[in-house]
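Trainee: In case you want the letters, here they are:
There are 4 protein chains.
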Amino acid sequence: MLYPMSKRPVENSPKLSAVLFNCTLKASPETSNTEALLKMVAKHFDGLDVTHETVRVVDYHVPPGVTSDEGKVNGKQDEWPKLLDKIKAADIFVLGTPIWFGVRGSIAQRVIERLDGVYMETNDVGQFPMYNKVAGVAVTGNEDGAHDACGTTLYNLGHLGFTVPPNVDTYWVGPAGPGDSFIKAGGEQHPYTVRTAKWTAHNLVHVARILKANPVPPEGNTVEK
Amino acid sequence: MLYPMSKRPVENSPKLSAVLFNCTLKASPETSNTEALLKMVAKHFDGLDVTHETVRVVDYHVPPGVTSDEGKVNGKQDEWPKLLDKIKAADIFVLGTPIWFGVRGSIAQRVIERLDGVYMETNDVGQFPMYNKVAGVAVTGNEDGAHDACGTTLYNLGHLGFTVPPNVDTYWVGPAGPGDSFIKAGGEQHPYTVRTAKWTAHNLVHVARILKANPVPPEGNTVEK
Amino acid sequence: MLYPMSKRPVENSPKLSAVLFNCTLKASPETSNTEALLKMVAKHFDGLDVTHETVRVVDYHVPPGVTSDEGKVNGKQDEWPKLLDKIKAADIFVLGTPIWFGVRGSIAQRVIERLDGVYMETNDVGQFPMYNKVAGVAVTGNEDGAHDACGTTLYNLGHLGFTVPPNVDTYWVGPAGPGDSFIKAGGEQHPYTVRTAKWTAHNLVHVARILKANPVPPEGNTVEK
Amino acid sequence: MLYPMSKRPVENSPKLSAVLFNCTLKASPETSNTEALLKMVAKHFDGLDVTHETVRVVDYHVPPGVTSDEGKVNGKQDEWPKLLDKIKAADIFVLGTPIWFGVRGSIAQRVIERLDGVYMETNDVGQFPMYNKVAGVAVTGNEDGAHDACGTTLYNLGHLGFTVPPNVDTYWVGPAGPGDSFIKAGGEQHPYTVRTAKWTAHNLVHVARILKANPVPPEGNTVEK
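Chains as they are written, first to last, in the numbering used here: chain A, 1 to 225; chain B, 1 to 225; chain C, 1 to 225; chain D, 1 to 225.
Since the hints were derived computationally from the structure, they do not count as laboratory data.
There's no promise every hint is true.
What the hints assert, rightly or not - Quick list of the computed label-pair ranges, beta carbon to beta carbon:
no. : chain 1 : residue 1 : chain 2 : residue 2 : range
1   : B       : Asp46     : D       : Pro29     : 46 to 56 Å
2   : A       : Gly75     : C       : Glu188    : 33 to 43 Å
3   : B       : Val73     : D       : Gln189    : 43 to 53 Å
4   : A       : Asp124    : B       : Ala27     : 20 to 30 Å
5   : A       : His61     : C       : Asp124    : 55 to 65 Å
6   : D       : Ile183    : B       : Lys82     : 27 to 37 Å
7   : A       : Val73     : D       : Met120    : 24 to 34 Å
Ideal Cβ placement from N, Cα and C applies to all residues, glycine included.
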């Protein structure tokens with residue numbers, strides 16, 4: 001076998017970590033369909049010896065804005081800085097979002113907007129700070145819109161400096177029109193979603209590991225001051 | 001310097017090759033704005049010791065369809081198979097397209113549709129055949145639509161198995177409404193486009209080189225029969 | 001009842017006509033799923049006393065371009081002019097398209113591109129020629145992408161001068177991932193699609209009739225030379 | 001002149017009203033570029049004898065959700081109900097939004113999500129409550145994304161029951177990449193934006209007036225219980 005197996009080198013390779021953002025519109029403790037799909041991805045991370053944390057963004061005070069710290073807004077301290085720190089500390093970022101009106105939800109859009117702030121920063125070799133991290137998406141909706149939500153989000157994340165491995169979009173949608181959501185519809189057993197959750201997790205881990213050992217050189221891609 | 005420079009290992013690393021598809025609507029020998037942008041990318045490939053070929057798709061007979069060979073259509077043999085062979089032979093794929101009505105042009109859409117055929121194939125370890133190749137985009141329009149054209153295309157290519165390095169979208173658009181196109185407007189000197197053409201080429205080469213030496217393992221991402 | 005019923009005024013109001021473009025990728029006589037959905041819309045037109053014609057675009061020679069007549073291309077006369085004449089002669093335009101890779105197909109994109117040519121023309125009061133016509137869409141795909149295909153298309157048509165009545169998008173998609181297409185999946189009985197086909201046809205007819213009797217005045221919306 | 005002029009019938013026709021939602025991310029009293037564009041539209045409303053009000057949504061407490069009243073959230077009463085009342089009371093709705101990462105901003109997405117609640121209601125003849133209202137959009141961004149923001153938004157609004165007149169999208173974007181925003185870049189004098197602001201206002205008024213006198217009949221488009 002010419003290919004290095006992903007599990008074999010674990011002993012001598014640095015441990016990977018992942019952070020998963022659940023961008024549901026529903027505050028805890030309401031049941032979140034998007035969380036159910038993120039759990040399918042996270043379970044594979046367990047099997048691949050990747051530490052992980054899931055954050056439900058709506059439970060935090062993340063005001064509108066495009067900087068990394070909006071300070072006190074409506075009398076309450078911006079909590080985005082601590083969420084951003086989690087992304088910065090991780091090798092793998094997964095953005096999970098519901099679909100509303102055919103596109104990603106407003107919380108996911110908020111997260112992307114707040115990430116605008118990191119365009120002002122660089123890593124220690126002069127690249128955008130998200131270089132050498134990988135990103136994937138997990139999308140649920142009762143119908144239609146997964147391609148748009150996945151495509152827009154992965155493109156935005158690539159623009160921010162993440163690498164996008166192959167097949168790191170897992171999603172579930174039902175047939176046209178109103179209908180049951182992911183959990184109630186039995187989406188956790190839907191073969192396409194089962195498979196893409198597996199592919200998403202594995203390819204994120206594979207490419208994160210490859211990039212950790214072989215970072216993208218700071219040549220032709222550093223930020224001019 | 002901890003990072004391997006991309007030029008240094010050239011002697012002992014395999015030579016990379018790139019294929020650039022120009023999806024202009026205009027047949028040769030008409031001037032193509034998209035080609036002008038692709039040349040900016042290709043020039044960087046020259047400097048990075050990457051062989052490359054640019055294909056103007058509209059000059060070939062590529063009938064509508066979603067297989068890898070549509071046979072004889074309107075009395076003429078489908079020429080997609082030879083274009084597909086060029087993608088398969090390359091390490092790097094760049095799709096260049098004009099924007100029409102806010103989205104990628106019909107020739108670009110045609111190319112993506114024809115790539116549907118490769119979902120039926122695998123590489124020799126059971127993954128989609130585009131695994132371990134990288135993809136980027138180059139988009140021109142007299143105004144608005146680059147994000148949509150780039151995002152949709154990179155997402156589709158990632159779904160087909162390509163890896164998408166960071167910042168591999170170079171584009172030029174002018175301000176809102178009708179106006180001059182890329183060449184006439186002097187877009188080749190537009191700082192943002194100059195920089196993103198450089199970043200696109202470099203990151204495609206960096207990640208292609210990394211994946212060639214460290215392919216994505218066939219674990220958790222192979223196609224079930 | 002305060003509202004005028006749509007059937008009552010038929011005797012004294014001018015007869016309406018509709019043209020439906022089927023933008024399937026498949027040439028005749030192959031079975032087209034999109035045609036099956038268009039037939040559901042057309043059947044309502046029959047009941048509403050609207051004459052109609054369905055055109056399968058791929059059966060015509062419509063070369064790439066953005067003018068209303070590309071002349072002889074690959075040795076064959078451009079047939080777009082006669083398709084354009086059908087749109088100009090009709091009160092109602094319905095664009096039917098399959099989804100490929102999450103967006104409208106290449107033939108639909110081609111049709112939109114060719115409509116660019118009418119930006120050069122005006123009606124006899126100086127507005128874009130599509131003023132006082134209405135447009136709707138019919139979209140089929142085995143999964144996901146209807147919102148994008150509908151939204152992009154209706155927006156483009158509105159930009160060209162068509163009025164878009166409420167709820168004039170009918171579509172069918174199945175659940176996430178590969179699966180049966182419209183006809184085979186029994187989509188013709190899918191309640192959401194049955195209802196939206198009805199709504200699409202009725203609202204197109206209602207608003208076309210209203211605009212025919214009460215055209216949009218040429219004030220603040222005419223083209224400067 | 002065969003066409004009724006829009007100003008002539010004003011005396012004997014009911015007065016029209018418009019509500020414009022400014023979906024900037026910036027709370028008052030920060031300068032909003034989107035507001036500057038909305039003012040251009042509103043000025044035309046003045047000339048057309050249409051009363052109007054502009055609402056800066058971010059100044060209100062509009063929590064995430066998809067109902068018309070989320071009750072008390074984070075200790076504060078949901079203010080969406082009073083915003084929704086303004087839409088219901090108006091003949092014309094204009095949604096203004098900035099572009100962030102190539103798409104409409106999170107506040108605009110929030111507004112659309114909250115409108116989901118009205119799918120549960122009908123007007124007094126059984127149609128969706130937005131029937132016989134018209135909608136338009138006003139979009140600003142320092143670059144690229146107007147087509148996506150306009151198209152997605154108008155499509156969503158049409159789905160909710162609004163009619164979309166021709167050419168009711170006014171926008172301003174600058175050339176590719178970072179750059180000055182609307183006001184600073186002098187966008188208020190940009191000919192395309194000046195013209196489309198005029199067209200947007202006039203066509204909204206024309207079609208609102210036409211529909212007020214000739215409502216869409218409740219035939220083939222009412223909601224089944």
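Trainee: Take the hints in turn and mark each one as holding or not.
Mentor: How the hints compare with the structure:
The hinted range of 46 to 56 Å is satisfied by B:Asp46 and D:Pro29, whose Cβ atoms lie roughly 53 Å apart. The hint said 33 to 43 Å for the Cβ distance between A:Gly75 and C:Glu188, and at roughly 56 Å that hint is violated. A hinted range of 43 to 53 Å holds for the C-beta pair B:Val73 and D:Gln189, which are about 51 Å apart. The given range of 20 to 30 Å is broken by A:Asp124 and B:Ala27, whose C-beta atoms sit roughly 49 Å from each other.
Distance hint check for A:His61 and C:Asp124: the Cβ-Cβ separation is about 59 Å, which falls inside the suggested range of 55 to 65 Å. The beta-carbon spacing between D:Ile183 and B:Lys82, approximately 52 Å, falls outside the hinted interval of 27 to 37 Å. The hint said 24 to 34 Å for the Cβ distance between A:Val73 and D:Met120, and at roughly 32 Å that hint holds.
Against the hints set out earlier in the document, violations occur for numbers 2, 4, 6.
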